[in-house]
Amino acid sequence: MNKPDYAEDTPGKEVILMGNEAIARGILEGGVIVGAAYPGTPSSEIIETLVKIQKFHPHLILELSINEKVAFEVSYGGAISDLRSVAIMKHVGLNVASDAFMTACYSGTRGGFVVISADDPNCYSSQNEQDNRYFGPHALVPVIEPSSPNEAKEMMKGAFELSEKHNSIILYRTTTRLNHGRGNVTLGDIKTSGRPASYERNPNKWVCVPSNSRVMRIELLARLEKFSEESNTYPFTSIKLSEEKVDGKKLGFISAGVPYSHLVDALNHFNIIDKVSILKIGMVYPPPTKLITQLLEHCDEILIVEELEPFIENLVKQIAFDAKIQKPVHGKDTFPIPGEFPVGLYLEKVAQFAGIDYKTEELPESDIALPPRLPLLCPGCSHRSTYWALKKVEQKLKIKTFKSGDIGCYTLGVYKPLQSMDAQICMGSSIGVGNALAKFQTEKEPVVAIIGDSTFFHSGVPGLINAVYNQNDLLVIIMDNRSTSMTGMQPNPGTGVKITGEPGNRIILEDLVKGCGVLEENIWIEDANDTPKMLEKLEEAILARGNGVRVFISRHVCSLLEIGQWKRQGKKTPVVKVDPDKCVGCMTCIRQFGCPAFVEIEGEPEQDGRKRKKSSIDPDVCRGCGVCVIGVCPYGAIYFEGE
Amino acid sequence: MENSQGYNILTVGVGGQGVIFSCKLLAAAALEDGGNQVRTAETHGMAQRGGTVIGYLRFGPKVSGPLIHKADVMLSFELSEALRSIKYADSHTSLFVSTDVIIPPSVYTYKIPYPEQEKTLKYLNKVTKNVHLINAREMAVKAGNSKTLNVILIGAMFGAGKLPIKEESLKNAIIKFVPAKAKEVNDVAFKMGYEIGQKIKEEFYE
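From first to last, the protein sequence lines stand for chains A and B. Residues in the first sequence are numbered from 1 upward in steps of one, following my numbering. Residues in the second sequence are numbered from 1 upward in steps of one, following my numbering.
The shape of chain A in the complex, shown without the other chains (with noise of 0.2 Å):
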């Protein structure tokens, strides 16, 4: 393997990086020994470039944890034993690893703490928006927030010093942009050795029971009160005062993160750069009250230029009201609240707020509709195949089943054409969710949960010992694809490898199921694509209510890994087609299975003359699998070509 720019050891030398990239260099350039996580976009390629710079620096010991709960408190033990360690996560893991993490900052730590919270303005892919600023004040922590590559990897590295000064956990919060952004980056020194893991026996410090924690809570109180003072001289935070004057008025600035690189395009632009003050802000909590209050003193009007809800607004309208200043301060009276802001936006505010003349050219208007490229499940998925199976049961049955769904790339279910999934919140919520549903379900309207392997062992198990323990009669599907598909084909314990590639030990999901209560009779394992076998299977497992919690583990490896595993075996790729004589046109294998592979083609004139529609497979998409061939062309005009 080519040593990659961000594991060279080459201090000075100028790399383009990924945002997730130069974080990870950060973390090696500040001397992380423990790095655990669980994946999600856009935090995932951290761990997995901390992977790849593993190998070529093994001091890192590094692992993907079963959920951010467990890759918080698995890093957390190696900060309290002294070795600098970093955890990894998306927004709304952070949620999960709230409880450790709530507590946690109460002890503190021995070797530097830092926890990701990679943000999701936009919800590109994630279930919600939510702004985890807010965790620092909730937990009492500082938050840092990076606006460049560049700067990402310089505030990682600084944040481990930062947190041994004051022995506190530090909130490292991204968005997607800058996680998912490439910019210049200067390698700087690599750090490989720091002092060595040591246990410190002070159950005063470490134990989180009341009498301790009271106490506890005043030194958390008193280190917030240190970092707030230093805030103001942090080195990612920076004060440009103007005494020049744009539209009759001193403006003013205040932003973080990518926002704030933005605003600079923005007023390059307008080449009012060296005309405005500005307030760049790297630690957004607690904030730098000293620096807020020069601004507001020294500006007549101000402009909060931030994403997502008004955190830094509230704190500047909180510390202007107690200096007794009162000067216009605008934030969400100009910016939107939900969603990303567009290059556009930045440049018709600022200008609005500087009095420029400025107008986009608009579009011609356009009467096109265009077709949406809606997120698809890919061809040859075997999440596919059992949504259909089930689809079909529920036509053989004249039942209709609610299904209470989960996060992964079954979640795609809910589109068109399969439409099936009926609620869905969060990681491992099918089963929870399913819990309370099953126990008002009919004959005609039977209630299914959904889940996949990695959500199920992430946190779907409570669910299923709840439902066992409480006698809540629920079929659970788990969709065993043998991967976390959507956050990149990641390995769970079902595969038994672990991150770093080496052979880890593997769960068997139906003894883990077993483990849990679910009588032997309750469980059932089929291969998603044998279609036959899955209708006659699952007739049975939904049939079978009033027998108490069922599993049926539809099990087929994901698609995208299959094409690989077939390569390695030199097995060729079979070829599926229509014949274009039985081919009526019907199209259920377009608007009802839904397979990508299919495509409608204008067939051959008929006997009456006239040209009728008809399905067709696309040979560049279509995967083989051959799924379509048994059980859904009613006219059986799907077949393998040389069988």
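In short, the hints are calculated from the structure, not lab data. Think of the CB as a built atom: it goes at the ideal place given N, C-alpha and C, for glycine as much as any other residue.
Quick list of the computed label-pair ranges, beta carbon to beta carbon:
#	chain 1	residue 1	chain 2	residue 2	range
1	A	K582	B	A180	45 to 55 Å
2	B	F21	A	E361	27 to 37 Å
3	A	E606	B	T99	25 to 35 Å
4	A	E244	B	P61	21 to 31 Å
5	A	P364	B	P61	26 to 36 Å
6	A	G515	B	A182	44 to 54 Å
7	A	K498	B	A180	25 to 35 Å
8	A	W566	B	V141	16 to 26 Å
9	A	D511	B	V141	50 to 60 Å
10	A	K514	B	K142	52 to 62 Å
11	B	K191	A	K245	54 to 64 Å
12	B	K62	A	P210	54 to 64 Å
Starting from the structure of chain A, add chain B where the hints point.
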């Protein structure tokens, strides 16, 4: 081109076409060229395949944020995707559009027809005079591999004088990013694209 905004290139297409790859390759070329701040961003759907993919690339001495307002150049790897991302274009934008058509399944499930080429072109021409339709897939196949479609488009952009990067920087980036065994076919593809670009240059930009 708005100077303080640097040079802005948008690559658009469908998952699996190499949109992000091209964006990364051009970013490496811009760094190699020297004196540039380089920024990229990427947008893609949740699915592994088949979704709209957008790569944003900006470079110049002062560039700061990763996103683009209006692109100097848009490379569209698929016909309808040029239309989908047209909000990033204005009358100054040069559009290099592959005639490749990838029909999304929503044409069947949501019954919205795929827009006709003629209509699409007519609209694109209303936005900017500089619309360059290229049979990139056909050319890529002729070059020896349909996957070189992206190099054809990059070659055309360069040939048309719409990529302000030294030829050497671009070539070095291609060598760095393209597997060694595919070097020859990519050289051929680049030349084919470059020639088309030269014709475009004569017709539009001289």
